[in-house]
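J.: Just so you know, our numbering puts 292 at position 164 of the sequence shown, and the rest follows in order with no gaps.
If you're looking for bench data, these hints aren't it; they were derived computationally from the structure.
Glycine included, C-beta positions come from ideal geometry on N, C-alpha and C.
Just to be clear, a hint being listed does not mean it is correct.
Quick list of the computed label-pair ranges, beta carbon to beta carbon [what the hints assert, rightly or not]:
hint: 1; residue 1: Ala299; residue 2: Ala332; range: 21 to 27 Å
hint: 2; residue 1: Arg431; residue 2: Ser196; range: 26 to 32 Å
hint: 3; residue 1: Ala299; residue 2: Ala367; range: 39 to 45 Å
hint: 4; residue 1: Glu399; residue 2: Thr377; range: 19 to 25 Å
hint: 5; residue 1: Arg431; residue 2: Arg159; range: 17 to 23 Å
hint: 6; residue 1: Val255; residue 2: Met175; range: 20 to 26 Å
hint: 7; residue 1: Gly228; residue 2: Thr253; range: 31 to 37 Å
hint: 8; residue 1: Glu279; residue 2: Ala350; range: 33 to 39 Å
hint: 9; residue 1: Tyr246; residue 2: Arg381; range: 33 to 39 Å
hint: 10; residue 1: Glu399; residue 2: Arg210; range: 29 to 35 Å
hint: 11; residue 1: Trp430; residue 2: Tyr246; range: 36 to 42 Å
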Amino acid sequence: MLFGFAAPPGDREMGRIDRATYVADLDRQVRFAEGVFDSIWVSDHLMEGDRYRVEPWTQLTWIAARTSGVGLGNNVLANSYRHPALLAKMAASLQALSGGRFILGYGAGWLEDEYRAYGYAFPSTRVRIAQMDEALRLIKALWGPGPVTFEGQFYQLDRAYCEPRPDPPPAILVGGSGKRFLLRVVAEHADWWLSYADRPAVLAEQITALADHCQDVGRDPATIRRAMPLTVYLDRDLAVARRWAGDATMGERPAFAGDPAALRDRLHEIEGLGFDMVQLRFAGLMGTADLELFADQVLPDWR
């Protein structure tokens, strides 16, 4: 199983960061993560109230410049925030400048307050998924031979070129779990599926729906690899980890809280559900202590 590190964009769960040292602390985390994880990921949010949060494409480019071999990805981009033609160009450029390490993580967008705050229209879920589907078609067309003319319902191009064309094109990861529409987009476009379902019964329903969509489009579902995000509160002392996490371990997307042995067990469970990668977001302060604990006492089960 592969492991991704979700780089902190700013403030984390344990209160406010020290803004004066954020860049240096992030640099230490990223450099340590490159030697431990298979990939580094950034989330796509423009604000979180008044918390400190850097823009994700800028952050990922910064990370690319400080690393040399680790994969780079978004988990996941909101389609609405950037015109897909510009995004195709940005992705192709990062793929070229990073030496082919980029994975395009893509989603329909979901956080209405953030949309409204930044002046973006927030159409229905069905429309946002349709926009994402069309955007991915446009992006893949731009990554091919030009010029590209595209006449869609939402987006249009007139003899556009995207040079340098990405070689190879970035893998595409699509995030989401809607059985009727979103998983159809996964079946048509994704190399990776980022699923938020960690309960076997829910996951089984989604896998069945995805298989049905794959059959409709003539694709083998085994060609789509599975990834899961997981927020982690890790401490040598199980009680400390659980106290630290509080109610974050409850709700629709519960975090993990525990010691290394418990985390090993949880990751083996996830692997047993058929996942190929876990993207770990460590909820600690801006340091490397929790990353070091993971590398020393958890990762050896897979290395």
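J.: Take the hints in turn and mark each one as holding or not.
T.: Right, here's what the structure says about each hint:
At roughly 25 Å, the beta-carbon separation of alanine 299 and alanine 332 lies within the given 21 to 27 Å, and the hint holds. Between arginine 431 and serine 196 the Cβ separation comes to about 20 Å, which falls outside the hinted range of 26 to 32 Å. Range check, alanine 299 to alanine 367: about 40 Å between beta-carbon atoms, so the 39 to 45 Å window is met. Checked against the hint of 19 to 25 Å, the C-beta distance between glutamate 399 and threonine 377 comes to roughly 20 Å, which is consistent with it.
A hinted range of 17 to 23 Å holds for the C-beta pair arginine 431 and arginine 159, which are about 19 Å apart. Taken as a hint, the range 20 to 26 Å holds for the pair valine 255 and methionine 175, whose Cβ atoms sit roughly 23 Å apart. Range check, glycine 228 to threonine 253: Cβ separation about 34 Å, and the 31 to 37 Å hint holds. Judged by the Cβ atoms, the range 33 to 39 Å given for glutamate 279 and alanine 350 holds: they are separated by roughly 34 Å.
Distance hint check: the CB atoms of tyrosine 246 and arginine 381 are about 24 Å apart, inconsistent with the given range 33 to 39 Å. The hinted window of 29 to 35 Å between glutamate 399 and arginine 210 holds, with their beta carbons roughly 34 Å apart. Separation of tryptophan 430 from tyrosine 246 is about 39 Å and conforms to the stated range, judged on CB atoms against 36 to 42 Å.
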